[in-house]
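Just so you know, the protein sequences line up as chains A and B, in that order.
Here full-length UniProt numbering is used: the first residue of the first sequence is 1, the next is one more, and so on.
Here full-length UniProt numbering is used: the first residue of the second sequence is 1, the next is one more, and so on.
By construction, these hints were calculated from the structure, which means they are not laboratory data.
Treat the hints with caution; some may be incorrect.
Below, computed lysine-lysine pairings styled on DSSO-like, alpha-carbon distance capped at 27 Å [what the hints assert, rightly or not]: (1) B:Lys23 <-> B:Lys49; (2) B:Lys181 <-> B:Lys230; (3) A:Lys2 <-> B:Lys122; (4) B:Lys122 <-> A:Lys117; (5) B:Lys394 <-> B:Lys241; (6) B:Lys241 <-> A:Lys241; (7) A:Lys172 <-> A:Lys241; (8) A:Lys241 <-> A:Lys418; (9) B:Lys241 <-> B:Lys230; (10) B:Lys122 <-> B:Lys5; (11) B:Lys172 <-> A:Lys241; (12) B:Lys429 <-> A:Lys172; (13) A:Lys122 <-> A:Lys5; (14) A:Lys117 <-> A:Lys230; (15) A:Lys122 <-> B:Lys2; (16) B:Lys117 <-> A:Lys2; (17) A:Lys429 <-> A:Lys394; (18) B:Lys172 <-> B:Lys122; (19) B:Lys172 <-> B:Lys2; (20) A:Lys230 <-> A:Lys241; (21) B:Lys429 <-> B:Lys181.
Protein chains: 2
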Amino acid sequence: MKSIKIGIAGTGVVASGVVNVLKRNQEEITRRAGRGIEVAVVSSRTRSKAEALVGTGVEIVDDIMAVARHPDVDIVVETMGGYEPARTFVLEAIANGKHVVTANKALLAEHGNEIFKAAQDKGVTVAFEAAVAGGIPVIKSLREGLSANRIEWIAGIINGTTNFILTQMREKGWTFDAALKVAQELGYAEADPTFDVEGVDAAHKITLMSALAFGVPINFKAASIEGISKLAATDIAYAEKFGYRIKLLGITKRTPDGIELRVHPTLIPESRLIANVNGVMNAVLVKGDAVGATLYYGAGAGAEPTGSSVIADLIDVTRTITADPEHRVPHLAFQPDALENIPMLPLSAVKTRYYLRLTVQDRTGVLANITRILADHDISVDAMLQTEVDDTTKQTHIVIMTHISLESSVDAAVQQIKALDTVTGDVVKLRVEELG
Amino acid sequence: MKSIKIGIAGTGVVASGVVNVLKRNQEEITRRAGRGIEVAVVSSRTRSKAEALVGTGVEIVDDIMAVARHPDVDIVVETMGGYEPARTFVLEAIANGKHVVTANKALLAEHGNEIFKAAQDKGVTVAFEAAVAGGIPVIKSLREGLSANRIEWIAGIINGTTNFILTQMREKGWTFDAALKVAQELGYAEADPTFDVEGVDAAHKITLMSALAFGVPINFKAASIEGISKLAATDIAYAEKFGYRIKLLGITKRTPDGIELRVHPTLIPESRLIANVNGVMNAVLVKGDAVGATLYYGAGAGAEPTGSSVIADLIDVTRTITADPEHRVPHLAFQPDALENIPMLPLSAVKTRYYLRLTVQDRTGVLANITRILADHDISVDAMLQTEVDDTTKQTHIVIMTHISLESSVDAAVQQIKALDTVTGDVVKLRVEELG
Numbered sequence: 001m002k003s004i005k006i007g008i009a010g011t012g013v014v015a016s017g018v019v020n021v022l023k024r025n026q027e028e029i030t031r032r033a034g035r036g037i038e039v040a041v042v043s044s045r046t047r048s049k050a051e052a053l054v055g056t057g058v059e060i061v062d063d064i065m066a067v068a069r070h071p072d073v074d075i076v077v078e079t080m081g082g083y084e085p086a087r088t089f090v091l092e093a094i095a096n097g098k099h100v101v102t103a104n105k106a107l108l109a110e111h112g113n114e115i116f117k118a119a120q121d122k123g124v125t126v127a128f129e130a131a132v133a134g135g136i137p138v139i140k141s142l143r144e145g146l147s148a149n150r151i152e153w154i155a156g157i158i159n160g161t162t163n164f165i166l167t168q169m170r171e172k173g174w175t176f177d178a179a180l181k182v183a184q185e186l187g188y189a190e191a192d193p194t195f196d197v198e199g200v201d202a203a204h205k206i207t208l209m210s211a212l213a214f215g216v217p218i219n220f221k222a223a224s225i226e227g228i229s230k231l232a233a234t235d236i237a238y239a240e241k242f243g244y245r246i247k248l249l250g251i252t253k254r255t256p257d258g259i260e261l262r263v264h265p266t267l268i269p270e271s272r273l274i275a276n277v278n279g280v281m282n283a284v285l286v287k288g289d290a291v292g293a294t295l296y297y298g299a300g301a302g303a304e305p306t307g308s309s310v311i312a313d314l315i316d317v318t319r320t321i322t323a324d325p326e327h328r329v330p331h332l333a334f335q336p337d338a339l340e341n342i343p344m345l346p347l348s349a350v351k352t353r354y355y356l357r358l359t360v361q362d363r364t365g366v367l368a369n370i371t372r373i374l375a376d377h378d379i380s381v382d383a384m385l386q387t388e389v390d391d392t393t394k395q396t397h398i399v400i401m402t403h404i405s406l407e408s409s410v411d412a413a414v415q416q417i418k419a420l421d422t423v424t425g426d427v428v429k430l431r432v433e434e435l436g
Numbered sequence: 001m002k003s004i005k006i007g008i009a010g011t012g013v014v015a016s017g018v019v020n021v022l023k024r025n026q027e028e029i030t031r032r033a034g035r036g037i038e039v040a041v042v043s044s045r046t047r048s049k050a051e052a053l054v055g056t057g058v059e060i061v062d063d064i065m066a067v068a069r070h071p072d073v074d075i076v077v078e079t080m081g082g083y084e085p086a087r088t089f090v091l092e093a094i095a096n097g098k099h100v101v102t103a104n105k106a107l108l109a110e111h112g113n114e115i116f117k118a119a120q121d122k123g124v125t126v127a128f129e130a131a132v133a134g135g136i137p138v139i140k141s142l143r144e145g146l147s148a149n150r151i152e153w154i155a156g157i158i159n160g161t162t163n164f165i166l167t168q169m170r171e172k173g174w175t176f177d178a179a180l181k182v183a184q185e186l187g188y189a190e191a192d193p194t195f196d197v198e199g200v201d202a203a204h205k206i207t208l209m210s211a212l213a214f215g216v217p218i219n220f221k222a223a224s225i226e227g228i229s230k231l232a233a234t235d236i237a238y239a240e241k242f243g244y245r246i247k248l249l250g251i252t253k254r255t256p257d258g259i260e261l262r263v264h265p266t267l268i269p270e271s272r273l274i275a276n277v278n279g280v281m282n283a284v285l286v287k288g289d290a291v292g293a294t295l296y297y298g299a300g301a302g303a304e305p306t307g308s309s310v311i312a313d314l315i316d317v318t319r320t321i322t323a324d325p326e327h328r329v330p331h332l333a334f335q336p337d338a339l340e341n342i343p344m345l346p347l348s349a350v351k352t353r354y355y356l357r358l359t360v361q362d363r364t365g366v367l368a369n370i371t372r373i374l375a376d377h378d379i380s381v382d383a384m385l386q387t388e389v390d391d392t393t394k395q396t397h398i399v400i401m402t403h404i405s406l407e408s409s410v411d412a413a414v415q416q417i418k419a420l421d422t423v424t425g426d427v428v429k430l431r432v433e434e435l436g
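With these hints in hand, go ahead and build the complete structure from the sequences.
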């Protein structure tokens, strides 16, 4: 059978992973797909870069739109990242009847509904396994492997940079700044690490999984996002005393009132497998009503892990390329006319357990005041820890683990607690998920 | 679109999981598949059992062959287990142009090549996600999600009964017999537990994954199988002193000389995620050349987890039911005409690390003799532990962890060591896998 021809926009890390793995495993890939997959054209403004990537036998163009419109190309691979020109490129490729494979979570979290609609109308596929959790086939598992289930929730370590930083903070007792510096030196964090450390990248990914899990349109604006840049090593240590690890989790949950969608540092019982996922590794825990909890673990980034997912998509698209669109797996797991508009919940409506750390002056009645305020807000205490009084400052830390409470009640209680004149400084509030 | 009609052979645990989940999640399943999936006929020799399962609106037949030949049925679900009449039923269904979904690993490990050939010739699909690791979509991940990779090895905890027993032995210090008794009381082990505890069930599953990973025919006869019934709690405790856990692993590995296929109790570093998979849970670790190590974790058995995988297969088959067979994912991951005949290695050719436990008399020169024999066989020692001398027996245990050695050399050395008159009783030999 004739080889499938692909066109690649971009010559960066993802492109190199795709090209190298396609070349190295050419024979096995052909044995699986039933036909070859060949790079026909690559775009780059710097010709030498493209030649370094694909050699001299492949057409090189300087305009990405020439890839989107190339008459020989069956599938385009978008590896540029970011919103533009990626969006224009993908839409142009679709308009030209090309299938698209992309690793671009930012693009899909912001413009996915528009892109999938255009693809649907044109009868082409936009595949994006590599957009979430790198090499882990979690999109496929969620969309196809667990398709019998009513998904209850997803919780994922889906950003390797922050997981590396948190692992260093815990293992070495480092501050966030110290751990970030090492991550940057090792190439695990970018010079401007904002997207990663503030949770935006994780939010893009959990937004996509939320849509797949619950059959709702992609709704990035509904995500509540809190990163790890303000997390203190102290809280990691206290959490450990209660038997918990702190991870940056992307969480989406179906509740009777609507869908929760949030990213924040989270305490997880240390006995959970996902609490032991360290370094730059990713893991996604999915709870279905029939299957129970399943976990998917692996490399969340890097040239070849990402290339692995891009090529898996290329093989999937290759298999169905001449089939009716109706035979294909729908982009968002559910048929496009079967998406629902379940309300997205604000963070204030979240119900979970909370970790609170207060800095207080060592005076009688402090604890009584605090527990009274908590009780007034229907917040019951599961465990408490008070540190020794610091000789110099005469201050002490009180750490409280609550039972399940309503976020807005906790916020109101925290406001009142902060107003107490025995409570100094800020009150640290972290969320706890049992993931049982 | 018209609903897909299925026929179910059997009314046991798997059938009940399939029927209940299909009913409960009917609406979501239809939203995903684009059409309904309906039970049209069920076979049972006891009518009341079938009625308890599907109610009175569904046709009930007493002959399974009536399901295989039923004119309304698009897909048959085989839930009987075992070799016969399952094999005859599946072949008859295929001959009648029905697609087949099955959870039957024994059947496919023994007769898979014949069954897939028949399906291929007839242009129908035989889907078997539920045959390996219950609800975990590991067949799909291996066959589609990791299709870009040259798979290097797979190591899986793929039998819940033995993992439950091993967990109890470690946590409570119980003997195998005591742990088995509890497993039987809890319904995790059958009255005759041979298939599970002797590793046969795990061997069926790793045999299927081996074929999928390496593009070779199914070859159950090539599997080396060792169960856990002879495992002593002592060795679990000693392993722990070296920082290892003992798990029953199914292992298949590609080496330059051929393919290893084996099931045996295995020491794994306790820091590995898979070493911390406890109770009845399953997990499969897959190493690909591009993606690195990925892990898939979840429930390996039970009505609804198994039902989850059966229904995922039903949805997959439903999607491609009117498509050309060429658009489908090949049964064994590789195209049927692209399977290779890579040699399967005997256990004697395996190279790995070994744990040896000797019971010796406390006399001078014992250790010198043992280490000389090991050195003579090119086996170098990584770590050693000697217990205190028992006052009554004057005996002591010597536990040795070797570097990577050849199994046949280790066996030869063990024979010589056993012949020493200072060595009493048997020498315990366990394999160690770093899984790094």
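Hint by hint, here is what the structure shows:
1. B:Lys23 <-> B:Lys49: holds, 17 Å
2. B:Lys181 <-> B:Lys230: Judged against 27 Å, a Cα distance of about 15 Å means the pair holds.
3. A:Lys2 <-> B:Lys122: Holds: Lys2 of chain A and Lys122 of chain B sit about 25 Å apart, inside 27 Å.
4. B:Lys122 <-> A:Lys117: Roughly 37 Å between the alpha carbons, so the hint for Lys122 of chain B and Lys117 of chain A is violated.
5. B:Lys394 <-> B:Lys241: Within the cut-off at roughly 23 Å; holds.
6. B:Lys241 <-> A:Lys241: Holds, because 25 Å separates the two Cα atoms, which is no more than 27 Å.
7. A:Lys172 <-> A:Lys241: Distance ~16 Å between Lys172 of chain A and Lys241 of chain A Cα, so the pair holds.
8. A:Lys241 <-> A:Lys418: holds, 24 Å
9. B:Lys241 <-> B:Lys230: holds, 20 Å
10. B:Lys122 <-> B:Lys5: Holds, at roughly 19 Å.
11. B:Lys172 <-> A:Lys241: This hinted pair holds, its Cα atoms lying about 25 Å apart.
12. B:Lys429 <-> A:Lys172: violated, 38 Å
13. A:Lys122 <-> A:Lys5: holds, 19 Å
14. A:Lys117 <-> A:Lys230: Violated, at roughly 39 Å.
15. A:Lys122 <-> B:Lys2: holds, 25 Å
16. B:Lys117 <-> A:Lys2: holds, 25 Å
17. A:Lys429 <-> A:Lys394: With Cα atoms ~23 Å apart, Lys429 of chain A and Lys394 of chain A stay inside 27 Å; holds.
18. B:Lys172 <-> B:Lys122: Measuring from Cα to Cα gives roughly 53 Å; hence the hint is violated.
19. B:Lys172 <-> B:Lys2: Violated - the C-alpha atoms of Lys2 of chain B and Lys172 of chain B are around 55 Å apart, more than 27 Å.
20. A:Lys230 <-> A:Lys241: holds, 20 Å
21. B:Lys429 <-> B:Lys181: Holds, at about 25 Å.
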